[in-house]
Amino acid sequence: MKGKKQVTRYKKQTNFKVQVTIRKKMTQLYYEDIQEGSELPGMVKYPTTMQLVKYAGASGDYYQIHYDKDFAIANGLSGVIVHGWLTLSFLGQMVTDWLGERGKLLKLNGSYRGMNKVHEDIICNGKVTRKYVEEGKNLARVEIWAENPQGEKTVTGTAVVALPTRA
Amino acid sequence: MEADSVITEELNSLLNKEFGPEVYEIEKGMLKKFAEAINDPNPRWLEEAPPTFPAALVPKELLNKLFNADIPLKRLLNGSSELEYLVPIKAGDVISVTAKLTRLRQVKGAEGPTLFMFTEMTYTNQRGEVAVKGKNTYVKY
Chain A
1 MKGKKQVTRY KKQTNFKVQV TIRKKMTQLY YEDIQEGSEL PGMVKYPTTM QLVKYAGASG
61 DYYQIHYDKD FAIANGLSGV IVHGWLTLSF LGQMVTDWLG ERGKLLKLNG SYRGMNKVHE
121 DIICNGKVTR KYVEEGKNLA RVEIWAENPQ GEKTVTGTAV VALPTRA
Chain B
168 MEADSVITEE LNSLLNKEFG PEVYEIEKGM LKKFAEAIND PNPRWLEEAP PTFPAALVPK
228 ELLNKLFNAD IPLKRLLNGS SELEYLVPIK AGDVISVTAK LTRLRQVKGA EGPTLFMFTE
288 MTYTNQRGEV AVKGKNTYVK Y
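Which chain is which? The protein sequence lines are A and B, in order.
With the first letter of the first sequence counted as 1, position 46 gets the number 46 in our numbering; the numbers rise by one all the way through.
Each position in the second sequence, counted from 1, maps to that position plus 167 in our numbering.
Hints were generated in silico from the structure; no laboratory data involved.
Check each hint, because a few of them may be wrong.
In silico DSBU-like links for lysine-lysine, alpha-carbon gap of 35 Å or less [as the list claims (entries may be wrong)]:
(1) B/K227 / A/K107
(2) B/K275 / A/K107
(3) A/K5 / B/K200
(4) B/K275 / A/K104
(5) B/K200 / A/K107
(6) B/K199 / A/K131
(7) A/K5 / A/K104
(8) B/K275 / B/K195
(9) A/K107 / B/K199
(10) B/K267 / A/K137
(11) B/K195 / A/K69
(12) B/K241 / A/K153
(13) A/K137 / B/K195
(14) B/K200 / A/K127
(15) A/K153 / B/K200
(16) A/K153 / B/K275
(17) B/K195 / B/K300
(18) B/K199 / A/K153
(19) A/K5 / B/K300
(20) A/K117 / B/K227
(21) A/K69 / B/K232
(22) B/K184 / A/K107
(23) A/K104 / B/K227
All values reported here derive from a predicted model rather than from experimental measurement.
Just chain B, same shape as in the assembly (with noise of 0.2 Å):
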């Protein structure tokens, strides 16, 4: 009954290694830009970044890993995002953020197998302070 595993030990191997920091300087033209991608003409994400930004804020190293990894699922989507936040992130902060595979698993989806991974990440202001948690998970399939 149960489908071979596509969780290779390339994927195992990187299970709740943290990576990171990648370091972010929040320019007022960044905040602009975004908000005016998202669409969102409240005068205050001038100044300070909307709820959604952290998104911008991509640690790449273990994303590039997760997406690029040599297993059969070429398809990607992203499955659910969660954001708690402590501080707000301002234009003029250096953001540090850190990323971790935290969990992988494996259903038998509609189309064949279908891969979970589940993200965290913190991202860190210029004074050490934790100004955003965030949870996301990516689907292949």
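With the rest of the complex left out, here is chain A (with noise of 0.2 Å):
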């Protein structure tokens, strides 16, 4: 698919219940909509303070590195970091939305190559790089990324997913 790529940017985090509301209505997608390269929608994220903060809470993992800029530098870090399971989070969501409600996530991994700095854009990118039939199930295995913003890829992983078709 040529063209310009859709890119949904989530600039500084506005009231949740707010985003809730004015979401578009998803699109399904389908296997018959894909090929081998076709790209996912991009994502740009820009996790603050308060959204690690939010998530330490939310998963438990308080180490410091994530909101404590004092203890980061400590540890020999420039400042304070992204939770790499939280930019995984991010891959997440770009994949299940383009998945829409009918598509399934089977398998989500990711490796932490890089760090993600907090107030900074977190660029998020996947690319379909096998498409295929197993056991009756349509499915296909997706590239996921993230980049900070000297373009470094920050997170690298792959999805697995089961799509809905027309037939």
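Starting from two chains that each stand alone, build the complex the way the hints lay out.
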């Protein structure tokens, strides 16, 4: 698919409830709609320290490198860094938004190769690398990755999904 | 050439031992709080766990032992995560988490020895169905 790539930008966290209501109705993706090389609509997230604190609370991961700048610096980091799991959550959102209600996420994995700093864009992308039928299921393997503003891949991974067919 | 091993007997003794189950009741409020924390506005996540939610179902017993092990490497990073979804986790479920340390591997990193700790988790629901299988690698350096 050529043309301008669709990217959803999430600048600073707005009120969560508002986001739920203004959210566009998802269109359903079908197996026939994709091919090897198809790109997923991209997504840009902008995690704030407040979001990292919320994530720490919701996940129970209170490691201080994710919200205490002095602690992070004393640990040899340049500042507060984003939880790898949070960046993977953004990639998960990109995939499930794309899948629509009837698509299923079967596997998700990510390797944390670099660091995303707080108050910096996290650019999420994905691409279909394989389309196949297995045990009667219409599957696709998707390469997913997150980048920092310097263009370095900070998280790389894959997702395996099952899609409905139009047939 | 070989750097001194940081893999202590204490760490070795944890290998392939099953820890848990640790039991989590999945309340609606917990899902909402998680969806809000990851800033994913999909209304589906108010009833069903979003993909990375198992991160919140921490196998504390094993992780506390791994993270607080008496070794010279004090800094910790998450190396990788892997999840396989078998049955959706929904509000009202009771999930039992078991965890295992499957492998320890020491390599020479740029800043000295680096230790990779490979773990595997199983998340089982109240019907005895395995809902999610997870793997996570932690890095001490």
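Now for the hints, and whether the structure bears them out:
1. B/K227 / A/K107: 24 Å, holds
2. B/K275 / A/K107: Roughly 31 Å separates the two Cα atoms, so the pair holds.
3. A/K5 / B/K200: 31 Å, holds
4. B/K275 / A/K104: Violated, at about 40 Å.
5. B/K200 / A/K107: 23 Å, holds
6. B/K199 / A/K131: Holds - the C-alpha atoms of A/K131 and B/K199 are around 33 Å apart, at most 35 Å.
7. A/K5 / A/K104: 23 Å, holds
8. B/K275 / B/K195: 45 Å, violated
9. A/K107 / B/K199: With Cα atoms ~22 Å apart, A/K107 and B/K199 stay inside 35 Å; holds.
10. B/K267 / A/K137: Roughly 31 Å between the alpha carbons, so the hint for B/K267 and A/K137 holds.
11. B/K195 / A/K69: The given pair, whose Cα atoms are some 32 Å apart, holds under the 35 Å limit.
12. B/K241 / A/K153: It holds: about 26 Å lies between the C-alpha atoms, which stays within 35 Å.
13. A/K137 / B/K195: Roughly 31 Å separates the two Cα atoms, so the pair holds.
14. B/K200 / A/K127: Holds, because 30 Å separates the two Cα atoms, which is no more than 35 Å.
15. A/K153 / B/K200: OK: A/K153 and B/K200 at ~28 Å, within 35 Å.
16. A/K153 / B/K275: Status holds; Cα separation ~23 Å.
17. B/K195 / B/K300: 22 Å, holds
18. B/K199 / A/K153: 29 Å, holds
19. A/K5 / B/K300: 34 Å, holds
20. A/K117 / B/K227: The hint holds at about 27 Å.
21. A/K69 / B/K232: The hint holds at about 26 Å.
22. B/K184 / A/K107: Holds, because 25 Å separates the two Cα atoms, which is no more than 35 Å.
23. A/K104 / B/K227: 29 Å, holds
Hints 4 and 8 from the earlier list are contradicted by this structure; the remaining hints agree with it.
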